[in-house]
Structures are given as C-alpha cells and as structure tokens.
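Student: Read off the chains here:
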Amino acid sequence: MADTPKPEELAGIDYLPPLFRGWINEPAQIRPGIYCYAAKPKNLDYVGMPNAREWNPVDDDWKLPENWKEIILDGIRERLEKFRSFKLFMDICVRCGACADKCHFFIGSGDPKNMPVLRAELLRSIYRKNFTVGGKIFGILAGARDLTEDVLKELWYYLYQCTECRRCSLFCPYGIDTAEITMMGRELINLLGLNIDWIAAPVANCYRTGNHLGIQPHAYKDMMDFFTDEIEEITNIKVEPSFNRKGAEILFITPSGDVFADPGTYTCMGYMMLFHYLQEQGLDITWSTYASEGGNFGYFTSHEMAKRLNAKMYAEAERLGVKWILGGECGHMWRILNQYMDTWNGPPDFLEEPVSPITGTKFENAKTTKMVHITEFTADLIKHNKLKLDPSRNDHLVMTYHDSCNTARGMGIFEEPRYVINNVCNNFYEMPPETIREQTFCCGSGAGLNAGEDMELRMRGGLPRANAVKHVHEKHGVNMLACICAIDRAVLTSSMEYWVPEVNVTGVHELVGNALVFEGEGERTTDLRGEPLAGMEEEEDV
Amino acid sequence: MNFILGILISSIAVTIIVLIPLLGVGAWNLYTLFGIIIPYAAMATFFIGIVVKVIGWGRSPVPFRIPTTAGQQWSLPWIKPSPIDNPKTTMGVVVRMIFEVLTFRSLFRNTRLEYRRTEGGPKLDYEWEKWLWLAALVFHYCFLVIFLRHFRFFLEPVPGFVSLLESLDGFMQMGVLPIIGFGLPGVYLTDMLLMAALTYLFLRRIYIHQTRYISLPADYFPLFLLLALGTTGLLMRHFLRVDITAVKELAIGLFKFSPDPKILSGIGVLFYIHLFIVCVLIAYFPFSKLMHFAGIFLSPTRNLSNNSRFVRHVNPWNYPVKTHTYEEYEDEFREPMIEAGLPVEKGAESTGETEEAESGEKE
Amino acid sequence: MDLENFLINNRSNIIKKWRGVILASYPEGSQRFLAKEKSRFANPVGHVIDRDIETLYDELVKGEVIDKITSCLDNIIRIRAVQDFKPSHAISFVLGLKKVVREELEGSPVENGLWGQLQAFETRVDEVVLLAFDIFSQCRQKICDIRVNEVKNQVGRLLERANLVCEIPENEADI
Ligand code: HEM
Ligand code: SF4
Ligand code: SF4
Chain P
32 MADTPKPEEL AGIDYLPPLF RGWINEPAQI RPGIYCYAAK PKNLDYVGMP
82 NAREWNPVDD DWKLPENWKE IILDGIRERL EKFRSFKLFM DICVRCGACA
132 DKCHFFIGSG DPKNMPVLRA ELLRSIYRKN FTVGGKIFGI LAGARDLTED
182 VLKELWYYLY QCTECRRCSL FCPYGIDTAE ITMMGRELIN LLGLNIDWIA
232 APVANCYRTG NHLGIQPHAY KDMMDFFTDE IEEITNIKVE PSFNRKGAEI
282 LFITPSGDVF ADPGTYTCMG YMMLFHYLQE QGLDITWSTY ASEGGNFGYF
332 TSHEMAKRLN AKMYAEAERL GVKWILGGEC GHMWRILNQY MDTWNGPPDF
382 LEEPVSPITG TKFENAKTTK MVHITEFTAD LIKHNKLKLD PSRNDHLVMT
432 YHDSCNTARG MGIFEEPRYV INNVCNNFYE MPPETIREQT FCCGSGAGLN
482 AGEDMELRMR GGLPRANAVK HVHEKHGVNM LACICAIDRA VLTSSMEYWV
532 PEVNVTGVHE LVGNALVFEG EGERTTDLRG EPLAGMEEEE DV
Chain F
857 MNFILGILIS SIAVTIIVLI PLLGVGAWNL YTLFGIIIPY AAMATFFIGI
907 VVKVIGWGRS PVPFRIPTTA GQQWSLPWIK PSPIDNPKTT MGVVVRMIFE
957 VLTFRSLFRN TRLEYRRTEG GPKLDYEWEK WLWLAALVFH YCFLVIFLRH
1007 FRFFLEPVPG FVSLLESLDG FMQMGVLPII GFGLPGVYLT DMLLMAALTY
1057 LFLRRIYIHQ TRYISLPADY FPLFLLLALG TTGLLMRHFL RVDITAVKEL
1107 AIGLFKFSPD PKILSGIGVL FYIHLFIVCV LIAYFPFSKL MHFAGIFLSP
1157 TRNLSNNSRF VRHVNPWNYP VKTHTYEEYE DEFREPMIEA GLPVEKGAES
1207 TGETEEAESG EKE
Chain R
397 MDLENFLINN RSNIIKKWRG VILASYPEGS QRFLAKEKSR FANPVGHVID
447 RDIETLYDEL VKGEVIDKIT SCLDNIIRIR AVQDFKPSHA ISFVLGLKKV
497 VREELEGSPV ENGLWGQLQA FETRVDEVVL LAFDIFSQCR QKICDIRVNE
547 VKNQVGRLLE RANLVCEIPE NEADI
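These protein sequence lines are chains P, F and R, in that order.
For our numbering, count along the first sequence from 1 and bump the result up by 31.
For our numbering, count along the second sequence from 1 and bump the result up by 856.
For our numbering, count along the third sequence from 1 and bump the result up by 396.
Just so you know, the hints here were simulated from the structure itself, not pulled from any lab data.
Here the structure is a predicted model, which means the values were calculated and not measured.
Cβ coordinates follow ideal geometry from the N, Cα and C atoms, glycine included.
A few of these clues could be false.
[Claimed, not checked] Selected chain R positions facing chain P (in silico; Cβ < 8 Å):
# : residue
1 : P440
2 : V478
3 : Q479
4 : V547
[Claimed, not checked] Each computed BS3-like pair below joins lysine-lysine, with the alpha-carbon atoms no more than 25 Å apart:
#  : chain 1 : residue 1 : chain 2 : residue 2
5  : F       : K944      : P       : K393
6  : R       : K413      : R       : K482
7  : F       : K1178     : P       : K73
8  : F       : K1145     : P       : K113
9  : P       : K160      : F       : K909
10 : P       : K501      : R       : K432
11 : R       : K464      : P       : K506
12 : F       : K909      : P       : K113
13 : P       : K414      : F       : K936
14 : R       : K412      : R       : K495
15 : P       : K393      : P       : K414
16 : P       : K71       : R       : K548
17 : R       : K464      : R       : K413
18 : P       : K506      : R       : K434
19 : R       : K432      : F       : K986
20 : P       : K113      : F       : K1178
21 : R       : K434      : P       : K501
22 : P       : K393      : F       : K936
23 : F       : K1145     : P       : K167
24 : R       : K495      : R       : K482
25 : P       : K184      : R       : K482
26 : P       : K113      : P       : K100
27 : P       : K71       : F       : K1178
28 : F       : K936      : P       : K417
29 : P       : K277      : P       : K354
30 : P       : K398      : F       : K944
31 : P       : K501      : R       : K464
32 : P       : K277      : P       : K398
33 : P       : K167      : F       : K909
34 : P       : K398      : F       : K936
35 : F       : K944      : P       : K414
36 : F       : K1145     : F       : K909
37 : P       : K94       : P       : K184
38 : R       : K413      : R       : K432
39 : F       : K1202     : P       : K277
40 : R       : K434      : R       : K464
Sequences and hints are given; from them, build the entire structure.
Tutor: What follows is the structure, encoded as structure tokens:
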C-alpha cells in the first residue's frame, strides 16, 4: 500500500501474462490488510502445538524447522489415509469451473487465486508431485509442482483467505468441498507452527479458561450480573441465572461472544429473559463457567484441537448431572455439534433424550447428541403457545435474516429461526433467493479470520452479503439484520458499518427478549438496546 | 502453465497418438501389436487401475459425517424437511445420488436471478446460465449411447436393445428430420451432439477466463483425445469404410480371449488409429481426473445422510486426546470462584497444595 | 457540434471504453467474470462499476449535481479501497476518462471552439479526481475506525465492568 507507484504503473496496469506463465509459477505477494498476524509462541506452547516461535509472515525467513518438507509430506500422507474426503477431493476435480465464481472472496476481490478450485489446486499440485504417478512423470504438464518455500507461503496466504463456508461445495458436480481441503491444509501448516494469532490465542484461552476471550469465572458471573441489572432497568423484571449448578435439568452453552461482545450481549439478555419467563413453567437450567464457550477455534486449527476443546461440553454435562444440553445461537459451533461432537467425544450415555420440560416435545432429531438448538426449542414453545409475545415491540425494526454458512450448509436449519422471527416481528423481508438459505453468502470473516489486521480481506469478502442487504435496505427500508451466529453478530456489524451503515445486526433471541410479555412488568419504552420503541419516541424526549 | 502452451502440448500429444498407429500399422505392419497386444494391455490397465484406485479410496475411512446440506433439516414434526437435499435416511441419500449421477443436479443448481437494466429502470429476469450443465449432460449421454451402440460389434447376435437404440438414434435424423439428415445413410444424432458438446466444452475452457486460468494440459488432453476418437469414428462410418465383418470378428475374438491374427491385416489403418485412441483413453483413465465417474459415488458430502444428531457416527481412528479437565480449571480459579459465589467441588481449605505457578500471573 | 453534444452522442462508446479501462485494472483471470456476469448479486463489483460510471459520466457531462457524483464515486471507490490496489490505482480510473475522450475526439468533426471546452471538461474531471481522493481517504479511515470499534465492542463491556477503564471525570476534562 505504502510504496509509491512507478509512473508506468500509474499509466495503467498491464496484466497480460507472458506466454509461458500461468498461476502455477506466479508466486503470491503477501499483502497487508489481507494476512493475519502470526501466532505468538506462548499461545502455541500452552496447548502443545509444535514449532512455537516468533515469526512474521512478511519476513523472508519463516523460521521453519529443518525437515519442514518431510513434515508436510508425511502430514499429507497421514491425512490421505485418514480422510476419504481428502483423498477423493485430491483426485477427482475436473476443473470445470462451476465453483469458480461462487466464492465471496473471489467475487469481492477479483483475485483468481481465490477461486475455490484454485485454492484447492494449490495443495493438489503438491499432492500430484509427490503422491501420483502422473505428477511425478509429467510434472508441470500434469499440474504438479515441487514444494518450495514460496509454494508453502502461497498456500498459507490463501488458506487464510477461506472462511470454510462450503458455498463452493454446493455447486460442484462431485460435491468437492474446498472447506474440507482448507481444513486439511490448515492442519498441515499447523504442523510447522504456522497458525495465526487470532486463532491461536482463542484456542489457548479456551483451553485454559473455557472461553475464547480468557474470561475468568468470576468475571463471567460479574458480566451476567450486569445484564441482570440492565434487564431490570428496562423491564422491571429481575432474572436469576444460575451457574455451575449441579442437578439442573438442562445445561446451557452459548458462545462467549454473546456474553462479552456487543451486539451479542443483547442476545444474551434475550436468553436470560426467556429462561426466566419459563422458570415458572418448570424450566430448570444452568449456565457453566467451565464450558462457557460454544464456539471452537480449535476447529480452525485441526480436528484434534477442536476435539480437545469440544470435550468440555460433555464433561461438564456429566459433572453437573444434567439431562441434556441446550445450545445458543452460533454458527460453527452448530456445525461441530451436528457433524462432529458425538463422533469425537460421545456417546453421552449419561444424558437423556432431550424433552422440552414446557411442552413435552421430544427432540427426536437430537436423540444421540442430546443437544438442542435454541431456535428449535423456542420455535416449539411458540408453536405450543407457551409464550406471550408482543411483536409490535419490534415495530421500529424492519428485519431481514442472514443464514450463517455453517448452520445452512452444515446442518440445514432454515425454518426454525424464520418461524421465531416471524412470530416476534411484524416487518420481515427476505433477501434475494440466491443469497440466502443453502446459497447464503458468507459474512466474510468466519473460520478465524475475524481479526482486525485483515480488515480489507474481510470487507471484500463481506461485499456479496452486504450487497444483498443493501438491496433490501433500499427496497424495503430494512434496518436490522438478524442471524444465529456470534461471529456474524460481531463481524456483520463491521461489514454493515462499511457497506450499509444504516443497518444494524441482531441475534434472534434479542428480538424474542423484546417481544416477551411478562406478568407484572412495567411498560417498556425502549428495547434491550435502550432504543425507543415505535410510538415511544416523544415520551423518551420528555 | 499458460493456456496456449497447454493447448499446444495437448494437441501435440494427441497428434503423436494418431501418428503412432499410422506408422506402426501403415508402415511397419505391426498388426498383432496394435490389434491384440495393446488392446489387452490397455484393458488390463483400465480394469486393474480402476479397481486399485477405488480400493485405495475405500481404504481411507470416512471419519466424520459431513454432507453438504442443501435444504431444511428434519427437526420438529411441523416443519417440512427437505428429504433429498438434506437427507435423513439412506433412501433420501439414494435419491440424491441418483439425481446427481443421472441429471448432474449440483451443476444444474447454477440458477441465477438476473438483473438487467432497461430504460425504464431495473428489471429482474432469468437468464439461462446452464450451458455447462447442458453440454456436460449431452456429452455424457451421447457417450453412453455410442458406447452401447458399439455392442453391435462385440456381440453376436446383436442384442435387441442395441438395435433399438440404433434405430431411435438414426430414425430421428432420417425419418423425422429428413432435411437435416443430409440424406446420408445412418447419420446418428448422438454422433453430432457428442462432437458439438465436446467442441463447446473445449471452447468454453478458453472463452471463460476463469476456466482458462485453471485449465491444465490434463484438461485439454482428454477433450482432444475424444474429439480425435469421434472424428476417426465418423470418418470410418461415412467416408473411409473399413471391413466391418473383419472388425466384428476381431472384437468378438478379443472378448473371447481367442483373437484370430489372420484377419488383422484385412482391416484398414483408420480402424487401428481409432482403436489405439480408445486404448490410450482407457489406459489413461485410472490415472486422471476421468476417475470422477467412480469418485462421485464415494463423495462424503453427497453420499451421507445428515443424521449425526440422532444416529451415532463412529470414527474408526478416534483416539483419546489431552483435555483441560474441570479439576484443573477449578484448581486454578478456585479462590475467585468462591469469592464470586460460584459453587466449587472442593472447599477453599483443601486448596493449599494446588496454589501453583500460574495463579500468580492472574493477579 | 460542440463538445457537450459530442459527449452525449458518443456516450455509449465512451462509457464502454472507460469501463474497459477500469476492468483492465483487475487480474486477467477475473476480468471476464466482472464484465459478463450480469447478476447483481453474483457479481456486485461488476454491477456497481457498470451502473455507477454511467451516472458519473452523465453528471460529469452536464456538470451538475455534486451529490450524485459523490455517491457514484463512493460506490466504486468503497470497493476499490479494499481490493489489491495502491491508492493511486484505486482512483486513477477517473483520469482514464480524459484519455478515452481525447482518443474519441481524434478525427471527429468537431469545430474549432473545442479546445476551450475540452479544457473545461478536463478540469471537471480533475476536480472529480480530488473528490475521489477524499472519498478514498474516508474509506480507509472508516476501516481504521471499524478496527478500533471492534476492539472496543469485544472487550469494552468487560473493561467497564472490571473498572479497568479509568475515564477522566467530566468536570476535569477541560483543565
Ligand atoms: C456420474 C456422474 C458424472 C458427472 C456428474 C460427470 C461430470 C463431468 C463433467 C462436469 C465433466 C467436465 C466437462 C468439462 O470439461 O468441463 C466431465 C468430463 C468427462 N467425463 Fe464425466 N461425469 C460423470 C460420469 C462419467 C462417466 C460414467 C464417464 C465415462 C465413462 C465420464 C467420462 C467423462 C469424460 C471422458 C470426460 C472428459 C471430458 C473432459 O475432460 O472434459 N463421466 N464429466
Ligand atoms: S466445481 Fe468441483 S469439479 Fe468443478 S472445478 Fe470446482 S471443485 Fe473442480
Ligand atoms: S469454502 Fe467458502 S471461502 Fe472457502 S473456497 Fe469455498 S466458497 Fe470460498
């Protein structure tokens, strides 16, 4: 950015490549604003990850171990034997290009190396050279290349430009999932200690304190007390959450972002109000400070690290002796709960098949995992008329809804949140069909890329989503974007601030909290954020 | 790899492949080599190669259940699930796979809501963005039909379905559309479509910048090879006829593992070129992206049901990992927890020996 | 024919070339996608370029409504500010218009008074460049602000609670 351009560069950029060049011999330039800072050694050390050291991605010397090539190649071999997905996806891509223009990073940056197929080819080219007959014989003609430091750096650079959103996989005729390839790639470079600190620090924190931010138990409790006060101020209702309570029926786990980062905090207040409301009807629920993180940045490091962090959920459920677990609004947390948790750390025989204590509904779809999504839980309550709701309290909001990639393409929870929103709000408009549900566009900052130093990357990646929001904003006056993901709540706020400043971001249960009518509560003049309700603007001024 | 270079190299390779039998048979009369040995070698490579490859894939386990969910999950009884795009049962998966394999459903998904601006303002519209899907589908079905039609040469008597296919395929041209049928005897619709689809698949690779950027010689090569295969086939059928009876005798002999070397020299060199291209194609198959035909059946994002919340999926190499237990956690934070009124397992008095190094730094 | 008429008559041609100049600043592998993909949701970048340079051009020719010019420029530059461009590259496309217009003018039947008009037009373009520079800076500033806000949002409440933030009391602030 800072270099002064030469005059000929100013005149216009000549992008026509020479005859014999292609992507394969065009090394990547690591640019500020795009790459994330390197993992600090203490964070890798704390969880026992290899090759912890100070290093800087823009330095020439990455301080790799002497036998780094061997480590990577052995790592590839091991993963080929462990994951059919990886082995298959290395072999069968026909480079048809169907996935090419589906990635938000390609759409927003115009950088062709951000085409999913090319991201995968970066790793595939190494695979071909070392593991296939054709690649060994025909070399570059078969798209094979040697593993050099430049190649490693390029791979690193582009692995941290993928949010593992799986949009590409939806359109591939063979279901090749570049997210899966990115996950393998990240495992590999982690063998060399090449993590980014935005992932490594939360991992270390989560391991130690139970949540990404490194919040100690008393501070966690303190924060919740603070919410209790705020809720009381707005509604005159005193909620009483309990913590680490043995013998409760249900354990509630949500991402720590909800407890500490705005605007997730309002969603957290929404949960607290809902639980308080249901207390009389027999809800017996506890929070935990030990398992105080639903999210799992280990998942952006390696399967093993993810499993180590995830283990706390069942461990805590067993210790507290609860019957089942309720999970808050989070994206990758739910992909993990749906597709990995039971396999990693199950079977949770000490738990029971989840049954809603209020409606008696059996959550048969959570029979073995024993973990229910809070929008499933709330949708069921609303369907059974167990909540008194006043949707007009959300009349100052014109809503749209963003499907988070992980809950969309790694789970398929589309209707539940929409059902809840439609029952607590009066104004709801969908974004265009090719930008929602299974085709949803990523927020642009998932998979551990929600750091600060890569803000340009995030803004580009967020453009396709923001563009669709802008469309409904202009067409219907939408001013609030709902989602069921803690990362979304934090990063879409930033993305909106840049692209569509008129739109704010909320969790679904913040809306529920607004609409929930308690016995004997005072008249509300503001929503949970302290914004005046529709029709209350003047009173506020008095 | 630049695309011009890629195309050059691939076309040179295919030219050489055409020249080899031209010289081998035309100039040096190596009939047995090209008529018997190479076909057997190629077939052996094909079958063994595919089996080895597929077993290789199969040997790697599927540790996690990672279907790409493309529709509503099965959850509450009153919410309508999407049984094919987000299959709950094996049945759903089977239907999903059938759609994938027979209709290339994922490619078809490329629906696009179009946004055009006309004088009057913005206008929403659908544009047909499915050329890749169409060409791929046409190519594969034509390939299949042509392959099946070839059974006419391999089997005696000719099976009924082959004759039926032939008459359907030819009838379209000759009977229904006599004008386009050139009046040539037995022009097959599939032949024309196959060549057209292949040409399109090639042209789009250069025309669309994204595919031009990602294409390797390994992408142009099979296309050129197939084009050459089709061209030699058409030439034999319509212009430079070869002795069909002899070809059939050879083919049946080959399949019965008792080929008769005497008939070999009676067949024109064009046939040997055609045959050699087929041999190269099938021998190349197991080592290339063409293995996608088998791979799709094993693809974990497509062939698994999304049931991991109610049916346990087992990872055969699952191993125990080191975790940070609650005891370790409480040992570190016991005091502040007690102070904040959080319940603890062990009372404060029993903590003496656990005050360790780390608790110092948090103050 | 005076310059304004010339610019109006050759509108579509000039815009097409100008758009070409902008697209040429993107890598080869994606130019066609940006140019051809018509869906505004699948291709927001190409769509914005398409739409906003047209309006920008019209306003430049008429020399009117500064608000519209600003908003069009903002749309385009907001995107370029987060792509792989140096600041000069991000806004140089505006200058590209001068070159395109001069090329178009060559050999066309325009009368003598043209020189003065062309100078006036080019001055307008230069002014727009300055405006573009302002907008670019604002966008970059915005990115910095967002970074700061995020840090605040992430730990702000926590620090507040823990009494770790020590704010200067109101009444002492203006010492
Ligand atoms: C079962 C599902 C299948 C799907 C979804 C599929 C899809 C595709 C696609 C998308 C292409 C690429 C076209 C391009 O070049 O852009 C292709 C190429 C090809 N396929 Fe398939 N295919 C399938 C099965 C098969 C089978 C069973 C065969 C043959 C035995 C086959 C043989 C080929 C060949 C020879 C090509 C070469 C053309 C090229 O290289 O592009 N495919 N296929
Ligand atoms: S859609 Fe699938 S087969 Fe086609 S290029 Fe992408 S990954 Fe490869
Ligand atoms: S998973 Fe998402 S971010 Fe990664 S390559 Fe695919 S579309 Fe792009």
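Student: All hints are to be evaluated individually against the structure, with a verdict given for each.
Tutor: Hint-by-hint comparison with the structure:
{"no.": "1", "hint": "P440", "result": "holds, 4 Å"}
{"no.": "2", "hint": "V478", "result": "holds, 4 Å"}
{"no.": "3", "hint": "Q479", "result": "holds, 6 Å"}
{"no.": "4", "hint": "V547", "result": "holds, 7 Å"}
{"no.": "5", "hint": "F/K944 - P/K393", "result": "holds, 17 Å"}
{"no.": "6", "hint": "R/K413 - R/K482", "result": "holds, 22 Å"}
{"no.": "7", "hint": "F/K1178 - P/K73", "result": "holds, 18 Å"}
{"no.": "8", "hint": "F/K1145 - P/K113", "result": "holds, 21 Å"}
{"no.": "9", "hint": "P/K160 - F/K909", "result": "holds, 17 Å"}
{"no.": "10", "hint": "P/K501 - R/K432", "result": "holds, 22 Å"}
{"no.": "11", "hint": "R/K464 - P/K506", "result": "holds, 19 Å"}
{"no.": "12", "hint": "F/K909 - P/K113", "result": "holds, 16 Å"}
{"no.": "13", "hint": "P/K414 - F/K936", "result": "holds, 14 Å"}
{"no.": "14", "hint": "R/K412 - R/K495", "result": "holds, 13 Å"}
{"no.": "15", "hint": "P/K393 - P/K414", "result": "holds, 14 Å"}
{"no.": "16", "hint": "P/K71 - R/K548", "result": "holds, 22 Å"}
{"no.": "17", "hint": "R/K464 - R/K413", "result": "holds, 22 Å"}
{"no.": "18", "hint": "P/K506 - R/K434", "result": "holds, 20 Å"}
{"no.": "19", "hint": "R/K432 - F/K986", "result": "holds, 15 Å"}
{"no.": "20", "hint": "P/K113 - F/K1178", "result": "holds, 20 Å"}
{"no.": "21", "hint": "R/K434 - P/K501", "result": "holds, 18 Å"}
{"no.": "22", "hint": "P/K393 - F/K936", "result": "holds, 17 Å"}
{"no.": "23", "hint": "F/K1145 - P/K167", "result": "holds, 16 Å"}
{"no.": "24", "hint": "R/K495 - R/K482", "result": "holds, 21 Å"}
{"no.": "25", "hint": "P/K184 - R/K482", "result": "holds, 22 Å"}
{"no.": "26", "hint": "P/K113 - P/K100", "result": "holds, 20 Å"}
{"no.": "27", "hint": "P/K71 - F/K1178", "result": "holds, 21 Å"}
{"no.": "28", "hint": "F/K936 - P/K417", "result": "holds, 22 Å"}
{"no.": "29", "hint": "P/K277 - P/K354", "result": "holds, 11 Å"}
{"no.": "30", "hint": "P/K398 - F/K944", "result": "holds, 13 Å"}
{"no.": "31", "hint": "P/K501 - R/K464", "result": "holds, 18 Å"}
{"no.": "32", "hint": "P/K277 - P/K398", "result": "holds, 23 Å"}
{"no.": "33", "hint": "P/K167 - F/K909", "result": "holds, 17 Å"}
{"no.": "34", "hint": "P/K398 - F/K936", "result": "holds, 19 Å"}
{"no.": "35", "hint": "F/K944 - P/K414", "result": "holds, 23 Å"}
{"no.": "36", "hint": "F/K1145 - F/K909", "result": "holds, 12 Å"}
{"no.": "37", "hint": "P/K94 - P/K184", "result": "holds, 12 Å"}
{"no.": "38", "hint": "R/K413 - R/K432", "result": "holds, 15 Å"}
{"no.": "39", "hint": "F/K1202 - P/K277", "result": "holds, 14 Å"}
{"no.": "40", "hint": "R/K434 - R/K464", "result": "holds, 24 Å"}
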